[in-house]
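Q: Chains as they are written, first to last, in the working numbering: chain A, 3 to 167; chain B, 2 to 715.
Please note: incorrect hints may appear among the correct ones.
[Claimed, not checked] Computed beta-carbon distance windows for the label pairs:
{"#": "1", "chain 1": "B", "residue 1": "681", "chain 2": "A", "residue 2": "79", "range": "40 to 46 Å"}
{"#": "2", "chain 1": "B", "residue 1": "697", "chain 2": "A", "residue 2": "63", "range": "27 to 33 Å"}
{"#": "3", "chain 1": "B", "residue 1": "670", "chain 2": "A", "residue 2": "133", "range": "24 to 30 Å"}
{"#": "4", "chain 1": "A", "residue 1": "74", "chain 2": "B", "residue 2": "697", "range": "51 to 57 Å"}
{"#": "5", "chain 1": "B", "residue 1": "708", "chain 2": "A", "residue 2": "69", "range": "48 to 54 Å"}
{"#": "6", "chain 1": "B", "residue 1": "672", "chain 2": "A", "residue 2": "113", "range": "17 to 23 Å"}
{"#": "7", "chain 1": "A", "residue 1": "113", "chain 2": "B", "residue 2": "665", "range": "51 to 57 Å"}
{"#": "8", "chain 1": "B", "residue 1": "670", "chain 2": "A", "residue 2": "81", "range": "25 to 31 Å"}
{"#": "9", "chain 1": "A", "residue 1": "90", "chain 2": "B", "residue 2": "672", "range": "21 to 27 Å"}
{"#": "10", "chain 1": "B", "residue 1": "672", "chain 2": "A", "residue 2": "63", "range": "54 to 60 Å"}
{"#": "11", "chain 1": "A", "residue 1": "66", "chain 2": "B", "residue 2": "681", "range": "26 to 32 Å"}
{"#": "12", "chain 1": "B", "residue 1": "709", "chain 2": "A", "residue 2": "66", "range": "49 to 55 Å"}
[What the hints assert, rightly or not] Computed far set for chain A versus chain B, every beta-carbon distance over 10 Å:
{"#": "13", "residue": "71"}
{"#": "14", "residue": "101"}
{"#": "15", "residue": "111"}
These aren't lab readings, by the way, just hints derived from the structure by calculation.
Here a beta-carbon is modelled for each residue, glycine too, at the ideal position from N, C-alpha and C.
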Amino acid sequence: MPAGEPILNNYLIVGALLFTFGLVGFLARRNLIVMFLCAELMLQGVSLTLVAFSAFHGTWSGQVLAIFSLALAAAEAGIALALFVVLFRRGSSLDVSLWQDLREADQPPVPDESAGDEKPPETSWPHLPPAGVLPQDAPEPNVHAHKSAPPPEPIGAEAAGRKHA
Amino acid sequence: MLDWLIRLIPLFPLIACLTTLVLGARVLREKSHWPAILGCGLSAICSLALVFCVNSREIIPQPVRTVPIYRWFEVASREHHAGNSVDQTARKATDDAGRLPDNAAWDRSLEVTIALRVDSLSATMLAMLTFVATLVAIYAAGYMHGDRGYWRFFTEVSLFVFSMIMLVLSANFLELYVFWEAVGLCSYLLVGFWYERPAAAAAGKKAFVVNRIGDFGFAVGVFLIWTTFGSLDFEKVLSPAAIAEVGAKNPAMIGWICMCLFLGAVGKSAQFPLHVWLPDAMEGPTPVSALIHAATMVTAGVYLVARATPLFAAAPEAQMVVAFIGGFTALLAALIALTQNDLKRVLAYSTVSQLGYMFLGLGTGLMTGISAAMFHLVTHAFFKALLFLGAGSVMHAMGGVIDMRRFGGLKTKMPHTYWTFLIGALALAGFPLLSGFWSKDAILSAVHEAGHHSASTPHSSAAADLPESSSTAGDTDSAHSEQGPRLLGMCRPCLYELLLWMASITALLTAFYTFRAFFMTFHGPEKIPPEAGHHAHESPSVMCIPLWVLAGGALALGAALDQHTTGMFGRFLDWAIPGVYPAQQEEHVNAFIMGLSTLLALAGIAAAYLMYGTASTLPARLAALAGPLTRLSQNKFYLDEVYSALIVWPLKALANLSRFLDWALIDGLIVGGIGKLPGLVGRLPRPIQNGLVQFYALAMTLALGVLLWVLLTK
C-alpha cells in the first residue's frame, strides 16, 4: 500500500461530498442559477478527484484533464449565463419548470403544485435598444411600450422618407 | 396461279382494313365505304372463282389445297435438334397416310404454320361469306350514312371479314383458334359500336364474356388434341387412321375432345346454355347484326363441328349431345320468339333457332345430315341477312324505332322492303320451293333417316372402309352396338325420333312467328311513330339493291343447290371430308318429310294471318288464356334472371367480398398495420419526454446508480 493513501482518501472524500452536494442540489432546486452552480460543484468534485489521483500516481495526465475541464467550465458558464439572461427576459422568472414546452407535443403539462395560485408580479426590465437605428431617431426610452410600439423602421426607408418630405 | 388466287382472298379485306384505318378519319371521311366494298367485292369474285376451281376436279386434282404463308413457331425437344431430324420432320409432315408417329419417336415437338387450306367446305363458306359481306357493306354505306364513326365502322367490318376468311381458311386448330378470337373481338367492337349508349356497351361486354366460356372449352379441346395427337394440323388430326389409332388406345378421349370443341361452338353459335348473348347483340348497328350475328360469325361454330366431323364420327355420344342441344335450342328459341315485340329480337331468336337446326343436322352423324347442315347454313345466311337488312330498312325509316307495336301497315310506304322481306320470311318459314324449304327439308329427312336407319351407324361404315384400323375400331364399335350409345337414358333411334318431332314443332313455330312479325310490321292500319319524322319513306336504292340481290338468293339458291334438283351441294361436300364417309348415293325423295314440312309451314303462316293479318282479338284472348306460358315466353324463360341469380350475383358477391378482404385484411391489417406499428411502439415511451429538466436528471442519476450497482456487484 503506498504511503500517501490516507491523504488520498481525504481528497477523495471531499471530492465525493462535493459531487453529492452538487447532485442533490441539481435535482432538488429549480432556480436556474442555483442549478448551474450545483453543476459546477459536481464538476469541481470530479476535478478534485482527478488531481488527487494524479498526484497519488505521480503522473500529469489527471492534472491536464482537470485544466481542460476548468477551461470547459469557464466557456460553459459564459454560454449558460447568457442563456439565463435571455430566458429571464422571456419568462420573468428563473424557475426551470416554466420551460416545459420542449416536451412531446401530445403530453399534458406537469402542474406546479408548490407554486400556489399567486402569480409573480408583472415586472418589466430594462433592455437594450435594437441595433441599427440612428441614435437621433431612436424613440424615447419607454420601458412599458416595447411590446406595443411598432418596430423601428430600417435606416434606408427612413432616410428616403425624410428626403421626400 | 391458284395459290395466288387463294392468297388474294384474305389480302383484299386486310388492305381495305389498313387503308380505312390509316386514311379513314382524315382523307376518306364520307368515302370510307369504298375500300371495304372494293375489298369484299374483289374477295367475293376470287372466292366464286375458287368455288368453281374446287368444284371441278380438273383444276384441283386433290380435294385439299394448302398454301403455307409462313412458319409461325416451332417447338422441338432437345433430341429433336440433336440428330439429323430435320429430314425426319419433313418426312413426318408429308406422311400422306396421316398416321401418328410412334409414341416413342414422338418427341412432343410442335410446329405451327400459318397456312391457307382450301377444300370444298371452306370454299363454300368463303363464297357465302364474302358475297354477303359485299352486299352488307354496300347496304351499310346507305344505312350508316352520316354516322360519326363512319370510317371506324368500315375499318372494323373489313377487319371482321379478314378474320372470318382466315378462320375459314385455317389449316390447323391453333390458327383457327386465333382467328376465332379475332372474330369475337370484331363482334365485341361492332356490337358496342355506339358505345355511348349504355345498353350497347353492356351488350358488347355480355357477348364477349359469354363467348369466353365457350372459348375456354375450345382452348381445352385444342390442348387435348395436341397431347393426344401430337399435332394440330387438320391434315394429321382429322385423318381417319390417326383417329382410329387414338380411339383404340383411349376411346373416351375422342369424346372429351369433341365435347370441348362443341362447347366452343355452343358459345360462338349461341346454342342453349350460352345463347343469351345473341339477342342482346342486336344493340349493334343492323348491318352488323345481318353480317356477323346472322350470316357469318355465328355459323363459325357450325363450321367448326363440320370441320371436325371425323372426330365426331368416332364419338357417337358426342354426336347425340350435339343433336340434342341443337334440337332443344331450336325449339326453345322458337318459343321465345313467339312473343317478342322487338323486330330484331324476333329475328335474333330465329337465328338461334335456325343454328339449332344446323347442329341438329350435324348431330345426325350422317353425310346427308352434315351436308344438309352446311346447305342450311348457306341458304340461312342469305335469307336471314335479307330479313335483318329489311328490318334495318324499316328501322331506318322509322327513326330508330324497332318495337313492332309502334308501327304497322308499312306495305305501301316501303314497297321494296315489303316484297323482299316477304321473300325472306317465306324462305325462313320453309315455304315450298324457296331456299329455306330445301335446306330445312334436307335436315329433317336426315334426322328422320338417323332415327330409322340407325343400325348402319356412320362409325361402323367408316371403320369398315379402313383396312388398317378395322380390327380395333370394329371392336369398339361392336361394344357400342351391344349396349348402344345412350343419352339421358334414351337409345339412339328414340332420341332422333324425339328430335324429329321437336324439329317439326319448331318448323311450325318458325312459320308462325316469322309471319307474326311480318303482318305486324307491314299489314294492318298504317301506324308511324313520331320519331320517324320525314324519314318515313322507302330507303335509298343503295340499300334496296342489296335487298333484292339477297332476295334472289333466298328465292333460287335452295333449288339450285339441293340434292333433289341439281345435287350440287351434296356432291360438293362429299369431297370435303374424305375417308370418313363413303359418298352416299341414296337419292330418294322423302315425300313424307316434304309433305309434313310444307303442311307445317302453311299452317304456321295461316295461323299468323288469322291472328295478326286480320284485325282480330284472338291474340289477346289466347295470351289471356295461357297467361303463365305467355309470360314465360315473353321473359325468355327467365334464363337471364336465372343466370343472374346463379352466376352473376354470386360472382358479384365474391368480388365484393374480395374487395372487402383487400380493404380490411390486406390494406388495413397487413400493410397499414405494419405501417402503424412503429408509431404505436413510439407512443409507449412518449410520456417520459415531459419537458422537466429535473426529471431527466433524476432518470440519468438512477440509471447511473443501477449501472454502478450492476458493475460493482458482479
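Q: Give a verdict on every hint.
A: Each hint tested on the structure:
1. B:681 with A:79: 40 to 46 Å: Given range 40 to 46 Å: holds, Cβ gap about 43 Å.
2. B:697 with A:63: 27 to 33 Å: holds (31 Å)
3. B:670 with A:133: 24 to 30 Å: About 60 Å separates the Cβ atoms of residue 670 (chain B) and residue 133 (chain A), which means 24 to 30 Å is violated.
4. A:74 with B:697: 51 to 57 Å: violated (21 Å)
5. B:708 with A:69: 48 to 54 Å: violated (28 Å)
6. B:672 with A:113: 17 to 23 Å: Violated, since residue 672 (chain B) and residue 113 (chain A) (Cβ atoms, about 41 Å apart) do not stay within the stated range.
7. A:113 with B:665: 51 to 57 Å: Distance hint for residue 113 (chain A), residue 665 (chain B) is violated at roughly 43 Å.
8. B:670 with A:81: 25 to 31 Å: violated (51 Å)
9. A:90 with B:672: 21 to 27 Å: Cβ of residue 90 (chain A) to Cβ of residue 672 (chain B): about 51 Å, so the range 21 to 27 Å is violated.
10. B:672 with A:63: 54 to 60 Å: Holds, at about 58 Å.
11. A:66 with B:681: 26 to 32 Å: violated (50 Å)
12. B:709 with A:66: 49 to 55 Å: This hint is violated: roughly 26 Å between Cβ atoms.
13. 71: Residue 71 (chain A) is indeed farther than 10 Å from all Cβ atoms of chain B, at 18 Å.
14. 101: Incorrect as stated: the minimum Cβ-Cβ distance to chain B is 7 Å, not above 10 Å.
15. 111: violated (8 Å)
The structure does not agree with the numbered hints 3, 4, 5, 6, 7, 8, 9, 11, 12, 14 and 15 stated previously, though it agrees with the rest.
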